[in-house]
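There are 2 protein chains.
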Amino acid sequence: MGRSEQKELREETEQRLLELLIEEKIEEFREEFLVLHSYDQAKFYAELDENQRLQLYRFLSPSEVAYIFETLEVPEEDYQQLLAEMHPSFAADMLSHMYADDAVDVLNELDKEQAASYLTIMDDEAAQEIKELLHYEEYTAGSIMTTEFISIQANQTVRSAMRILKREALEAETIYYVYVIDDEKKLVGVVSLRDLIVSDDETMISDIMYDRVVSASVAQDQEEVAQTMRDYNFLALPVVDFQNHLLGIITVDDVIDVIDEEASDDYSKLAAISDVDAVDKGPFNAARKRLPWLIILLFLGMLTASLIGRFEETLNKVAILAVFIPLIAGMAGNTGTQALAVAIRGLATGEVGNESKWKLIAREAGTGLITGGTCGILVTGVVYIWHGDVFLGLLVGASIFATLTVATLAGSLVPLIMHRLNIDPAVASGPFITTINDIISILIYFGLATLFMSYLQ
Amino acid sequence: MGRSEQKELREETEQRLLELLIEEKIEEFREEFLVLHSYDQAKFYAELDENQRLQLYRFLSPSEVAYIFETLEVPEEDYQQLLAEMHPSFAADMLSHMYADDAVDVLNELDKEQAASYLTIMDDEAAQEIKELLHYEEYTAGSIMTTEFISIQANQTVRSAMRILKREALEAETIYYVYVIDDEKKLVGVVSLRDLIVSDDETMISDIMYDRVVSASVAQDQEEVAQTMRDYNFLALPVVDFQNHLLGIITVDDVIDVIDEEASDDYSKLAAISDVDAVDKGPFNAARKRLPWLIILLFLGMLTASLIGRFEETLNKVAILAVFIPLIAGMAGNTGTQALAVAIRGLATGEVGNESKWKLIAREAGTGLITGGTCGILVTGVVYIWHGDVFLGLLVGASIFATLTVATLAGSLVPLIMHRLNIDPAVASGPFITTINDIISILIYFGLATLFMSYLQ
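For the record, the sequence lines run as chains G and L.
Heads up, the first sequence is in the UniProt record's numbering, so the first residue is 1 and it goes up one at a time.
Heads up, the second sequence is in the UniProt record's numbering, so the first residue is 1 and it goes up one at a time.
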């Protein structure tokens, strides 16, 4: 079955399921729907209208709907509506059947009262697990971990570990790592299912467990956790408190989402949008997300304009100067954006630390001198040939040289300073650094022009 | 053990290992080194100098070095040197012990002759596997898959499947999914280890296998594969040819690398750098990567300059016009970059397809009108208050309105057109779209100014 056939089959299935749903053929619907992967179920669900969804809730059990919600990806603001449609006890029941970390993600989108009321009517054990997770701050290891892991003791045999594993296999989010804890619930080792499978039944866990466990602390930044799991190729990572008590685990699927989110977050910020808005939202929604940035940049642009205004006298005498303003400002913006992107990625991946900060600055200064020198010489030549004025050529060339050097340096300094001040350096977007560099370039250009005015007339 | 203690311990270990290596204490070194995770081994290895590495090759077997190389991340150009240092038969032996997909990654960095000579002296089975993988084009599913998977037949029992699994557990890259094939080696189902564990020994595989297997075709783009695995939360995905023969599997760790690479690739392009250069490379290296872009942008900037030159007469009469050039051009660039980022992410995630293309364009046109209108009114007011000239205010305001509308539209049209022409839309970087929009904005601004000249003097 090729790719396109797979797609066709999926579309046919969706069409048939919709008909069965509308015609209220519950038996046939369940038979066909429940064999689908949760991702396909969630895709089907996301396309239903309210009446169809209400019908679906009558066809499925709370735990079956929970399975859909674990994979569902809809805009955050829609969850409130989706849960309000359900009977409250149905919704609470559904939440208690979800993996605790996924349930927390849903509850975080609701207003506090609504969330609290679900927790009240939910069964106690599930509510307890969820409440514990709700405490953790967003973007920390605690906020993406789940408490449904399998733990054993070091003095067990492989046989007894496998028995526990079989019993808990359907509840646990992953069974591919089993964590070894001591009497105080402190993490002392890890065994992979692969190790269990290839070992004899009578082997002691203490003999095959790996005791140099890499773990995350519960308050650690989720991006750091993702980096660790990527480096070590782990399918799951244990999360511990400061006394090394095992609190939960983070699974690789959550980490992929983190990597994806952080990357598109950095990307959006480079382009000065709050977040990449969903394509299916209307223009008002898009404008609302972009206008704050644009208005800030507008006022920074006004500052640039007023700066040029100071040089009106110079401009009145040599109007040709105006011709090169966008060229010089533009080049400053371009080189600044390049340096910015390198610095932000370096900070995000941890490649740029405290020691290598000065190295980066020195490197960028060097790069600025080289690119500035090359572009400066090029421009001098072109302007001279074009206007036949060697002084004009030298002025524009020298401005490009000075501007590119300073702008490259600024592009790396600004994010480093922000990082130092504990501001997310990615907030220094491309347009922001471009505007800063506009100002720098205009000062250099008109400064030089005013200084050497006598040669230009 | 907290995070900082973990780090301290790691540094201590590295220091001790280095001493043992230099003092040629082979027994103690092996004892301590071989218990480390391959990522930590690779980190240690990457910091050695040539003499120390040569020493290491005498301490470790080829298969032990293979384990390091599976995780090693050094700049691509370094592999040639690292392999050349080893005895050729040691290197070939090491390559044959690596997972085939990782060995292919290393061989792809060598020149063809060097790679071919290793394949000749390597053992036949490994060479055969690697040669097959070497055929696949970069960035396809084939290029990142491995052939070390476990397959069984549908008419086996769980007991016999578990026996195969135990036998192959140490060779296979993942044992957490087992693929079911028919007599012609066509893929017919998949069973997770979780399902095997919870089933009775005598159960038939055909009864518990999932037969709606999601697979990737061998020539499919790796980014699409990553998206599928992310959507379905798979730990591995089977790769088939057009007749559905099972060729290999892609594991989640490779997919994380793909997601990471593609994200930083898009990011770099938005900032107009060929790729985010490693921070530890010198300024010449950085300048070499950035200059091509800067020079292209320089000539586009010249075009803008010559365009303004056409309006020199207008400028001579009303020098104040020059003051607002960077403001208007800058705003056009900002709004264009925003629209560009949304379009590129939409295309990359597949959210923007053929049907939704027109919707995006209409949406961006609407967004441009709203942001342009808002900023235009703001600017008119500010310029009027500042210069006390209502016509100047209206001119700048109207230019901002028209420019933002057109620039927003251009920001989404350019990547869509490139996508249509089968050019990677991410090549349309922020600086590129900014320069295009510079030109558009200057035409609008000076066009309007020339038209309404009589009101301005």
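Hints are computed from structural coordinates only; laboratory data are not their basis.
Among the clues, some could well be false.
Each computed DSSO-like pair below joins lysine-lysine, with the alpha-carbon atoms no more than 27 Å apart [what the hints assert, rightly or not]:
| no. | chain 1 | residue 1 | chain 2 | residue 2 |
| --- | --- | --- | --- | --- |
| 1 | G | Lys43 | L | Lys359 |
| 2 | G | Lys357 | L | Lys289 |
| 3 | G | Lys186 | L | Lys7 |
| 4 | G | Lys289 | L | Lys7 |
| 5 | G | Lys7 | L | Lys359 |
| 6 | G | Lys7 | L | Lys186 |
| 7 | L | Lys289 | G | Lys289 |
| 8 | G | Lys25 | G | Lys43 |
| 9 | G | Lys317 | L | Lys7 |
Residues of chain L placed beyond 12 Å of chain G at every Cβ, according to the derived structure [to be verified]:
| no. | residue |
| --- | --- |
| 10 | Asp40 |
| 11 | Met204 |
| 12 | Phe391 |
| 13 | Phe452 |
Predicted model only: the values in this text are computed from it and were never measured.
Note that beta-carbon positions come from the ideal geometry of N, C-alpha and C, so glycine has one too.
Comparing the hints with the structure gives:
1. A threshold of 27 Å between alpha carbons decides the hint, and for Lys43 (chain G) with Lys359 (chain L) the separation of about 21 Å falls inside it, so the pair holds.
2. Taken as a hint, the Lys357 (chain G) and Lys289 (chain L) pair is honoured in the structure, with Cα atoms around 21 Å apart against an allowance of 27 Å.
3. Proposed proximity of Lys186 (chain G) and Lys7 (chain L) is supported: the alpha carbons are some 19 Å apart, at most 27 Å.
4. Taken as a hint, the Lys289 (chain G) and Lys7 (chain L) pair is broken in the structure, with Cα atoms around 41 Å apart against an allowance of 27 Å.
5. For the proposed pair Lys7 (chain G) and Lys359 (chain L), the alpha carbon gap of about 23 Å is at most 27 Å, so the pair holds.
6. Distance check on the hinted pair: Lys7 (chain G) and Lys186 (chain L) sit about 19 Å apart at the alpha-carbon level, within 27 Å; holds.
7. Distance restraint check for Lys289 (chain L) and Lys289 (chain G): the Cα-Cα separation of roughly 33 Å exceeds the 27 Å cut-off, and the hinted pair is therefore not satisfied.
8. The suggested pairing of Lys25 (chain G) with Lys43 (chain G) holds, with an alpha-carbon distance near 20 Å, which does not exceed 27 Å.
9. For the proposed pair Lys317 (chain G) and Lys7 (chain L), the alpha carbon gap of about 65 Å is over 27 Å, so the pair is violated.
10. For Asp40 (chain L), the shortest C-beta to C-beta distance to chain G comes to about 8 Å, within the 12 Å cut-off, and the non-interface label is violated.
11. With a closest Cβ-Cβ approach of about 18 Å to chain G, Met204 (chain L) is found to remain outside the 12 Å limit, as its non-interface label requires.
12. The claim that Phe391 (chain L) is not at the interface with chain G holds, since no C-beta of that chain comes within 12 Å of its own (minimum 17 Å).
13. No beta-carbon of chain G is positioned within 12 Å of the beta-carbon of Phe452 (chain L); the least distance is around 19 Å.
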